[in-house]
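Letter by letter, the chains look like this.
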Amino acid sequence: MRLTNHPILGEAEARREVTFTFDGRAMTGFEGEPVAAALKAAGVVVHRYTKKNRSPRGVFCAIGRCTDCVMTVNGRPNVRTCVTPLEDGMAVATQYGAGEEAK
Amino acid sequence: MSVDRTRDFGGYVPAADDELVICRCEEVTKGEIRRAVRDGMFNVHEVRRFLRCGMGLCQGQTCARLVRAVVARELGVPPSALAEATGRAPARPTEMYVFANEEGLA
Amino acid sequence: MTRYDVIVVGAGPAGLSAAAEAAAAGARVAVFDENAKPGGQLFKQIHKFFGAKEHKAKIRGVNIGAELLAEAEGLGVTVFLNAPVMGLYKDREVLVRHADAVRRYKGDAVVVATGASENMLTFPGWTLPGVTGAGAAQTMMNINRVKPGHRVLMLGSGNVGLVVGFQLLQAGCELAAVVDAAPRVGGYGVHAAKLARTGVPFYLSHTVVRAEGTDRVTGVVVGQVDDTWNVIPGTEKRFDVDTICIAVGLSSSTQLLKMAGCALRDDGAGWLPVCADDGETSMARVYAAGDVSGIEEASSAMIEGRIAGAAAVRKLGFVTEEALAVRMAELESALESLRGGMFAPGRRGKIPDKTDEGLPISASLLSRGYLDDAEVDQYPGVKKTAGIRPVIECTQNIPCNPCRDACPKGCIKVEGGIVSLPVYDEKAGCAGCGLCVAACSGQSIFLVDDDTGGGAAEVTIPYEFLPLPGEGERGVALSRSGAALCPAEVVGVKQSPAYDKTALVTFRVPQEFAMKARFWRKEAVV
Chain A
1 MRLTNHPILG
11 EAEARREVTF
21 TFDGRAMTGF
31 EGEPVAAALK
41 AAGVVVHRYT
51 KKNRSPRGVF
61 CAIGRCTDCV
71 MTVNGRPNVR
81 TCVTPLEDGM
91 AVATQYGAGE
101 EAK
Chain B
1 MSVDRTRDFG
11 GYVPAADDEL
21 VICRCEEVTK
31 GEIRRAVRDG
41 MFNVHEVRRF
51 LRCGMGLCQG
61 QTCARLVRAV
71 VARELGVPPS
81 ALAEATGRAP
91 ARPTEMYVFA
101 NEEGLA
Chain C
1 MTRYDVIVVG
11 AGPAGLSAAA
21 EAAAAGARVA
31 VFDENAKPGG
41 QLFKQIHKFF
51 GAKEHKAKIR
61 GVNIGAELLA
71 EAEGLGVTVF
81 LNAPVMGLYK
91 DREVLVRHAD
101 AVRRYKGDAV
111 VVATGASENM
121 LTFPGWTLPG
131 VTGAGAAQTM
141 MNINRVKPGH
151 RVLMLGSGNV
161 GLVVGFQLLQ
171 AGCELAAVVD
181 AAPRVGGYGV
191 HAAKLARTGV
201 PFYLSHTVVR
211 AEGTDRVTGV
221 VVGQVDDTWN
231 VIPGTEKRFD
241 VDTICIAVGL
251 SSSTQLLKMA
261 GCALRDDGAG
271 WLPVCADDGE
281 TSMARVYAAG
291 DVSGIEEASS
301 AMIEGRIAGA
311 AAVRKLGFVT
321 EEALAVRMAE
331 LESALESLRG
341 GMFAPGRRGK
351 IPDKTDEGLP
361 ISASLLSRGY
371 LDDAEVDQYP
381 GVKKTAGIRP
391 VIECTQNIPC
401 NPCRDACPKG
411 CIKVEGGIVS
421 LPVYDEKAGC
431 AGCGLCVAAC
441 SGQSIFLVDD
451 DTGGGAAEVT
461 IPYEFLPLPG
471 EGERGVALSR
481 SGAALCPAEV
491 VGVKQSPAYD
501 KTALVTFRVP
511 QEFAMKARFW
521 RKEAVV
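Residue numbers (the numbering used here), protein chains in the order written: chain A, 1 to 103; chain B, 1 to 106; chain C, 1 to 526.
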């Protein structure tokens with residue numbers, strides 16, 4: 001899924017690879033990229049299950065407006081993963097409902 | 001613009017797409033909004049307070065237009081006849097501790 | 001509370017332009033933006049812009065963004081990032097979040113340049129992961145450099161849908177179809193033609209019936225709509241896709257203006273601030289510029305930003321009335337020329353039957369995304385002459401003229417305003433340099449040589465995909481509709497800094513296909 005080369009944007013610049021976990025599973029991504037981008041590159045598209053219907057949600061607007069991509073990050077629920085930079089060692093988890101189980 | 005509250009809009013009639021989610025954050029369906037209008041919520045503000053559509057995490061950024069369209073259709077008026085819900089700070093989801101942490105205040 | 005002469009909300013094209021204009025007059029300017037990077041949507045716009053030189057035409061949005069940012073910062077503008085404006089109050093008080101705290105600012109003038117947000121469309125399954133705004137796809141591939149999906153359906157044939165659709169192809173995604181409930185392509189015909197010639201089908205008068213999948217999108221069903229927008233039973237078609245992009249228009253992000261108490265009006269498509277010509281809202285010294293004051297292209301937003309910035313510093317006494325008048329005349333004429341043509345803001349959705357020149361608008365272009373072969377010859381950019389020549393398949397009045405400036409021989413004329421159709425002047429003599437091919441933001445210019453000997457012809461096309469074909473590589477020539485026509489060998493691949501990343505690929509075809517072949521694809525595996 002990563003675009004290493006692009007006809008207009010050229011070669012991707014070198015970025016520092018970091019390790020994070022998704023529901024306890026180790027994954028790698030690039031430091032500073034949105035958490036949602038690292039997940040997408042790793043093939044993760046379900047970010048949470050909603051409160052009422054338990055229906056799956058993922059990235060929808062990708063610019064921090066719609067709040068559909070929120071997840072529990074480092075134990076804190078409702079974090080907009082599309083605008084949250086990935087850090088080394090981050091613990092990213094699927095959010096259920098409003099993230100009650102994180103508290 | 002206000003809607004004539006004495007007018008009889010008739011009761012709620014189920015429709016095939018009633019299950020469609022309109023407000024993604026609060027998971028409010030088209031059927032719920034339609035029923036609310038028939039129950040007397042004649043504008044976007046009232047529907048919002050009654051059902052919470054547009055009051056979730058995104059603060060109606062995705063659904064405001066959609067809700068307005070459903071309400072307008074139910075009332076038989078063009079969407080432009082209905083005022084938008086009130087805009088208030090904070091314009092972005094903000095934790096209360098941040099909102100309360102104002103620099104320069106003792 | 002910190003005071004600035006001018007506070008700008010939003011570091012996109014309008015905001016940065018307003019800030020630069022104000023700072024150039026000596027004002028102390030701060031820009032607040034909620035994002036980690038400035039530029040708004042400009043850095044996602046990897047295509048060449050339309051317009052004329054004064055509008056930065058032919059330059060890619062991403063480069064315009066970098067230029068604009070450097071200009072603003074060079075003039076001493078302070079750009080605060082990760083700084084969402086949470087409130088705009090009476091007397092131009094601005095509440096901004098910085099990390100875990102909020103801070104109040106006061107602007108003697110405030111320019112609100114908050115842009116727009118995407119409209120959405122509901123259908124069963126629209127909340128499934130894999131259904132996104134077209135903007136989300138653009139952010140993922142052009143900023144984050146991650147493919148939004150493998151196979152995508154684009155819902156919406158306005159410029160956003162068409163441009164993002166092309167960018168999806170550039171990122172190596174497959175575009176299953178472009179679907180629009182309207183009976184006609186909403187965006188520029190040239191943008192549609194770029195997709196059609198690669199084989200992307202257009203389904204006009206169609207809408208999404210449902211997205212399929214349990215945890216993510218695995219397919220989509222579309223169907224034809226009748227006059228009342230209801231799906232006609234039996235017309236359903238299913239596509240195997242993992243992504244559905246919604247591009248059904250934008251709405252101005254007016255929340256802050258509304259919160260402040262600025263008068264708004266509904267133009268039928270959404271709420272807009274009531275503004276004077278210089279962008280001032282109903283509240284003194286609060287200006288709106290760019291998409292927040294009405295949806296247009298980024299080129300217009302940049303000029304509106306400058307107009308608001310200029311007006312604000314005049315109000316604050318930084319420039320004289322005379323100096324302002326001179327600057328305004330310049331800016332307003334630039335804006336005026338961008339607002340001409342058949343896609344002008346006032347004419348949205350109403351594409352006329354004829355061009356300003358009295359030529360028919362192609363029904364095929366509007367309903368299928370490509371010109372019918374038989375229609376091409378009637379346009380003034382297409383003339384049959386011996387030897388190499390440009391074939392300019394530009395058939396709608398849109399504000400754009402880089403082709404004229406590109407030709408060193410003066411072969412191409414765009415006269416009587418920049419919305420006129422380009423005319424190929426065969427007397428000037430085409431040298432075959434290809435600069436016009438690369439300069440055309442709509443990628444609608446081709447070089448054709450009908451007779452290169454032995455019954456063959458050569459066609460040169462703009463090519464912005466990877467991998468680039470190599471000389472001698474065999475493939476197939478595709479028609480305007482993307483249908484395979486004949487075997488075609490690549491005889492030339494040219495790249496040059498002057499082409500700005502658009503490669504020129506020349507392939508050889510039998511003569512009868514010279515005016516039909518408009519794309520090249522590596523030999524498909526049979």
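Do not take every clue at face value.
Said to hold, decoys possible - With beta-carbon atoms standing in for the labels, derived distance ranges:
1. A:A26 x C:E336: 29 to 37 Å
2. C:P487 x A:Y96: 50 to 58 Å
3. B:F9 x C:R184: 53 to 61 Å
4. A:A12 x C:R184: 21 to 29 Å
5. B:R73 x C:S367: 44 to 52 Å
6. C:P345 x A:A12: 43 to 51 Å
7. C:R184 x B:S80: 21 to 29 Å
8. C:P345 x A:N5: 36 to 44 Å
Because the hints were derived from the structure by calculation, they are not lab data. Glycine included, C-beta positions come from ideal geometry on N, C-alpha and C.
Here is what the structure says about each hint:
no.: 1; hint: A:A26 x C:E336: 29 to 37 Å; verdict: 58 Å, violated
no.: 2; hint: C:P487 x A:Y96: 50 to 58 Å; verdict: 57 Å, holds
no.: 3; hint: B:F9 x C:R184: 53 to 61 Å; verdict: 35 Å, violated
no.: 4; hint: A:A12 x C:R184: 21 to 29 Å; verdict: 38 Å, violated
no.: 5; hint: B:R73 x C:S367: 44 to 52 Å; verdict: 29 Å, violated
no.: 6; hint: C:P345 x A:A12: 43 to 51 Å; verdict: 37 Å, violated
no.: 7; hint: C:R184 x B:S80: 21 to 29 Å; verdict: 24 Å, holds
no.: 8; hint: C:P345 x A:N5: 36 to 44 Å; verdict: 38 Å, holds
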